[in-house]
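These protein sequences, in sequence, are chains B, S and D.
Residues in the first sequence are numbered consecutively from 1, following my numbering.
Residues in the second sequence are numbered consecutively from 1126, following my numbering.
Residues in the third sequence are numbered consecutively from 1270, following my numbering.
Don't take each hint at face value.
What the hints assert, rightly or not - Using 20 Å as the maximum straight-line C-alpha spacing, the simulated EDC-like pairs for lysine to aspartate or glutamate come out as follows:
#1 B:K927 x D:D1459
#2 B:K812 x D:E1436
#3 D:K1485 x B:E930
#4 D:K1485 x B:E939
#5 D:K1485 x B:E936
#6 B:K662 x B:D644
#7 B:K812 x D:D1459
#8 B:K812 x D:E1441
#9 D:K1465 x B:E940
#10 B:K224 x S:E1203
#11 S:K1262 x B:E1120
#12 S:K1180 x B:E940
#13 B:K812 x D:E1444
#14 D:K1485 x B:E941
#15 B:K233 x B:D789
#16 D:K1465 x B:E936
#17 D:K1381 x D:D1369
#18 B:K812 x D:D1439
#19 D:K1465 x B:E941
#20 D:K1406 x B:D352
#21 B:K1063 x S:E1203
#22 D:K1465 x B:D1112
#23 D:K1515 x B:E936
#24 D:K1381 x D:E1342
The set of hints was computed from the structure by calculation and includes no laboratory data.
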Amino acid sequence: MKDGNQIGVYICHCGTNIARTVDIQEVAGFARSLPGVAVVREYKYMCSDPGQALIKEDIKSERLTHVVVASCSPLMHEETFRGACEDAGLNRFLFQMSNIREQCSWVHHERSEATEKAKRLIAAAVRRVAQHRPLLRQEVPVRGEALVVGAGIAGIEAALRLADSGRHVYLVEKESSIGGHMARFDKTFPTLDCAACILTPKMVTVGQHPNITLLTLSAVEEVKGFVGNFHVKVHQHARYVTADCTGCGECEKVCPCVHPNDFDLLGSTRKAIYRSFPQAIPNAYVIEKRGVPMCEETCPIHTRTQGYVNLIAHGDFTGALKVIRDVNPFPASLGRVCHHPCEDRCQRGYHDESLAICALKRFVADREIELGLSPEPVRPEPNGRKVAVVGSGPAGLTGAYDLARKGYAITIFEKYGKPGGLMRTGIPPFRLPREILDREVAHVLAHGVELRLNTPLGESGVTIESLKEDGFDAILLALGTTKGRDLGIPGEHLVGVVNCLDYLREANLHDRAETGRRVAVVGGGNAAVDAARTALRHGAENVMILYRRTREEMPAIGAEIEAAKHEGVELHFLVNPVELRVGPSGRLNRVRCQKMRLGQPDEGGRRRPIPIDGEYVEFEIDQVILAISQLPDLDFLVKDKDFDLTKWATLRADPYTCETGKLGVFAAGDAVTGPSTVVEAMASGRQAATAVDLYLHGEDLDILRQESHRPQELPLMDHVRRPDLPRKPRARIPVNHGAGISFEEVERTFTREQAMEEAARCLVCGGCSDCRICSDACDREAIDHLMADTVHELDVGAIVVATGFEPYDVRKLPRYGYGRHDDVITALEFERMCHASGPTGGRITTKKGEAPKTVAILHCIGSRDESHLEYCSRVCCMYSLKFAHLVREHTGAEVYNFYIDIRAFGKGYEEFYKRLLREGVHFIRGKAAEVTAVAESPEEEGKLMVVAEDTLLGITRRVPAELVILSAGLAPRKDSSDVAHVFSLGCAQGGFFLEKHPKLAPVDTPTEGIFLAGACQGPKDIPDSVAQGSAAAAGALVLMDRGKVVLEPIRAVIREERCGGCKLCVASCPFGAVEYDAERSISRVVRELCHGCGTCAAGCPSGAATQENFEDTQILAEIEGALAV
Amino acid sequence: MAQERFEPRLVGFLCRWCSYTGADLAGTSRIEYPANLATIRVMCTGRVDPTFVVKALVDGADGVLIAGCHPGDCHYGEGNYKAQRRYWLLMNLLLQFGIERERVRLEWISAAEGDRFARVVRELTETVRTLGPLRWKERVEVVA
Amino acid sequence: MISPGQKVYAYFPGCSLETTNKAYDSSTRNVAKVLGVEMVELADWNCCGATAYLSIDDGRAMVLSARNLALSEGQSRDLVTVCSGCYVVLHKANHRFQEDPQLRDRVREALKAGGMDYRGTVRVRHFLDVVVNDLGKEAIERHVVRRLEGLRVACYYGCQITRPYAEFDDAEFPESMDRLMGWLGATPVDFQLKTKCCSGMLMTTQQDVGLDAAGKLLREARRAGADCISTACPLCQVNLEAYQDKISDRAGADSHIPVLYFTQLLGTALGLGNRELALGDSLTRVEPMLAARLEAP
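With the hints as constraints, model all of the structure from the sequences given.
Structure below.
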């Protein structure tokens, strides 16, 4: 306790608020006894001018060094009294307040107890204030820009006020248009003027105002800084439509994707490219993209699957084919032989069955052939560069296709007499007819690609050097795999043992393949199955497949395996050939196999086969086709030291840039990756082509190294979760059984109808199918499907939060049958129903389309209900009255309002209620208990009955109604807690934001510089929301006009002499306001960044860090005082 | 034989944003609770130095309340988390001194939870009353 | 002998299952056996507390319930009952015990007299909850040997199973029993009165009111095209099955329809015989109905 203290203690009666329960005299007496106290006074209202005058007087006359006021909460009047001290020339921080009202007289009834507690609180304050030191307040400038969050009527009002006063405003709105809930309303109570008529002009002004920057589809992600100097991060979701959009709506007409219309409700629909309502601001359209769907994500060449599927559903087959050919020169071939990973995780599959995507692709391709159409090659101006592609398999052809479309002059060198690689030599015609393959290879060549057949890589053909000499700027090696792997068992080189690739090549290229009577094919891949089926077609009487694992692990396409079985191929599992034996004739006649069992899964996830000792089985055969695995033939290439092999004997190339050891030589396809599928090879070829293109443009190939993002499941479409989605019978892919075992193709294509029906099963989980025909339809070229999200960093002086409400979810009250009875609708749905531009064009109707003769309006749905919303939602009574009037006006139907109380609190509201009474609307006082279709008498049969206790008549009423409107209450938005967190707001009533003071500061928040407006602070009608919008704007303007704010000097300080440089404070500061000075090995506080929470002070082991006006000595003294009594 | 009922002396450290405002709300809503707790206002529970609590107990408090914003609601982001960590460290110490865990209580009370504040004070008062006086001097300083 | 990993519960039959509703008890126990659920009857259990006491001195009534809770505490098993009455009363005791310190002290005081104590850790469950949520679709379907194909069931939950404590299903529009029936192959009809009052005790005190209330349920079930009503409460069962003649006369409309416990339908699908499920005890034409609707096992 310092000497010479002259402390003045002032005790407030607060009328009788304090005096009633606290014995002021006794407390005053006690205060006089406290050390350092010079003056003690009590007064009826300390906060009044005379009250403050007392203090000022004493400060001067009694030379007070410190002042304590015991009255209400410091949150209420601390500033008042600090001001008083300052006026009298005493530093405002030599003051302490003692809260003996909110935290004493109002909460304790026992007078003696309250008095005792008041003493403790005052003692605490006196001891504390004795430790106070004079402090100076810091002034900082206030930025002139404002941020308004939420563009409903409250936000719009605030924004306009601010903008009109010359301030720049950033208006952030989550939806694609401003207007909020009001934009959905038809009429407004009680004046019944149309919502649009009064709102639209304001919206237009916002759209055109020079001082307003409108950010739609945006959300505030982060708010930093402090009053007057907020730094805000806004994430704006891409609109995919530029400002050039005139809103003509041509795009909407052609868009194939239909989704539920969440603006118009009532089961209405909209397209993926849409505009919520005609008067939307901005008037531009918007595309709903939910992300990349799994079908596209899992496709190795990332075909825009939903794009072509949905075009098929709408009969635009040519458009569909165009989408496919953007990335895929072989629609007809892949439509037949693709292993279609796209179908594995199709969302439709979660509901019933995945789409037959592959078959759809085939359908559009086949249709083109049927109609004798041929695709137009894309041939840009030659760019004068030459690229050599070695190998004409899927990888090589795709690489050539991509590069040719970029204007390169391409020459393909093919080893064999016909192009196509394994697509031709490996895949038999009954799966991929030759005319199809020829046609699609021809399409690639039609891009000005030159093809040199019978030209292998090697002395007999071309070499890397020769190609370079011939002036090729780059070389793409797509050599594929042409060698079969050996089993390495006795008898492997006997006559009658043939490798699968050679066998198939002979059969497929020259249609003559040496085939035995009893053939064993060893292996489980597609090649094995193809070989087996081919052998049957080449006269084998008996064909068996020997596989060392089980059906589960077979890599071959399931449908192919089934087909093989169907054709009579025997499958023997868990057998592994160990020896091939000759018979008496000296020719191969037996294969001896070890029996196997399955062990643990290997790194590939397939269970590893393990031999069963001593268990063998033998099969009678005269030919063995080995289809274990395949290798590239690189013997020639590796003579050049620049090329080397991987441990799997494949060609080593960079997995991202496809570069080989030799500059300008790139490699792709099976020769690099090892055996894969056609589409995987194509993807590899495309990757290489991209690299070649970059390389020839002298760009850095490292951009190809960026890890591609991990595929993510899109959120399930609602209707997938809903059981009522009709399960259409799947169109089965037709099979040509007539063909039997011939070279004719086995699978047939969809019919037009089948295809369209199947395609229509797509749920468009991507939102937009990305077919991009809207781009063609838009002559302003305003559509940009590749538009990216943007993040805006804004500096503003003040923030107005006006994020609004959402209607209470009436599904939480099943008793009213919403969702079970068609003609039970919500208030919002009714607003849209009445609305001239709504789904019914303003016609009030039942689901069946009849005008209702009786309409029931149920008040307080969710409101004033302890198990739902405890509070009164304030507007429901009035809008229900409005509904009643509209129903009478439009239909003349009988209207029954079921209410608890009619709350017509506003200007002209009661009069409106009276008017409704005169209009002959029935009012039943009693909250509806339920809406039921269960008839209790013959005349109730087939009707909806509203049951309620009429509390005026004291009877239960059952009123039949053809249309029931649920007047749902207003609830906080689901995301309110996140928003609260971003702006550090408090929440009450389950999510409505907390104002600073319910009466005196309704639009301020505890955080200075952040204001509230509209229904986000609590249920409100339009007039009140507008009023708050203006009030919030005014609050913000006060700040900005003042131009500077005073920061409370409660910042942290570090006493250098005590600091040990342990950096605990640095770590504990949430604002990075504590820096470590390495030179002097001490920490320092950056005042501007410090928010004054004191966390560092509490953590400082040496007591170096402390917080001004919350110093240890001060708080410890306060503790002593509180316990001294 | 009616004996004098033990009135525990309690000190509460309340964060200015949530809990102190909540306590004021209890007042404006006139929710009654025992008069045993004297509150001390800090800007954030992050400011509550464990020594404050010990100081209170040494100076004769029978129980202590630390009340701040709910997790995620801290005005300063994470002060309340810091408070919680220090609270557990402090409890380890106090338990070693043989002080009952129930005497020192950490609570999250929002500005809208006046009723909750009142309930917490009631409960704490009751608990400490049943535990009886702390008598730090006899119990701890002898031990130490 | 309880095998490890097997689900174990403390079973609280309650008075009615020993008197008027033996069939509910036997069907429950046998169903549990087939499903591999161990139901250990709570030793020395007493009245759940659903007595007139509740309205006179709930303190004492609570003691009655709390004794049962105390008995099963420390076994680390949920306390399972099939009687919605017992379920709701034991639940209430638990909640009151946690919410109301005075009552808690009073109850513990009383228990101490009996050398017992309760700390409030027991979880009270309804057998329907256990079947649908602890076992679940796969486990049930795995055990179904006689699918109730084509059987149309009106699932009737009554009032107490989800109110006031909607612990495992929606208070007003529960669906767990409907789901269960679906798993068994039966077709749950859209029975809109699934939680409406069966008239409870009124059937004995104000019979005319009772008959009307129960009558509504029976006729609505028939109108919805149900072959039978499935119940989850002994009292509902009695009120619905015992007065069908009276109800029909009174309403001048045939209100007859077979009524069974959900455990009996479950048991049928699990392949249990009429004796194990005590279908013979039924006062309605249950057996003929099942015989007509389902092909013989």
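So, going through the hints one by one against the coordinates:
1. B:K927 x D:D1459: 26 Å, violated
2. B:K812 x D:E1436: 15 Å, holds
3. D:K1485 x B:E930: Satisfied, since the Cα-Cα distance of roughly 16 Å is no more than 20 Å.
4. D:K1485 x B:E939: 16 Å, holds
5. D:K1485 x B:E936: Within the cut-off at roughly 8 Å; holds.
6. B:K662 x B:D644: 10 Å, holds
7. B:K812 x D:D1459: 19 Å, holds
8. B:K812 x D:E1441: Since the Cα atoms of K812 of chain B and E1441 of chain D sit roughly 9 Å apart, the hinted pair holds (cutoff 20 Å).
9. D:K1465 x B:E940: 18 Å, holds
10. B:K224 x S:E1203: Distance ~14 Å between K224 of chain B and E1203 of chain S Cα, so the pair holds.
11. S:K1262 x B:E1120: It holds: about 16 Å lies between the C-alpha atoms, which stays within 20 Å.
12. S:K1180 x B:E940: This hinted pair is violated, its Cα atoms lying about 75 Å apart.
13. B:K812 x D:E1444: Given that 20 Å is the threshold and the Cα spacing comes to 14 Å, the pair holds.
14. D:K1485 x B:E941: 14 Å, holds
15. B:K233 x B:D789: 13 Å, holds
16. D:K1465 x B:E936: Satisfied, since the Cα-Cα distance of roughly 14 Å is no more than 20 Å.
17. D:K1381 x D:D1369: OK: K1381 of chain D and D1369 of chain D at ~18 Å, within 20 Å.
18. B:K812 x D:D1439: This hinted pair holds, its Cα atoms lying about 9 Å apart.
19. D:K1465 x B:E941: 19 Å, holds
20. D:K1406 x B:D352: Given pair K1406 of chain D, D352 of chain B holds - Cα atoms ~18 Å apart, limit 20 Å.
21. B:K1063 x S:E1203: 18 Å, holds
22. D:K1465 x B:D1112: 64 Å, violated
23. D:K1515 x B:E936: 18 Å, holds
24. D:K1381 x D:E1342: Between K1381 of chain D and E1342 of chain D the Cα gap is close to 15 Å, so the pair holds against 20 Å.
The structure shown violates the earlier hints numbered 1, 12, 22.
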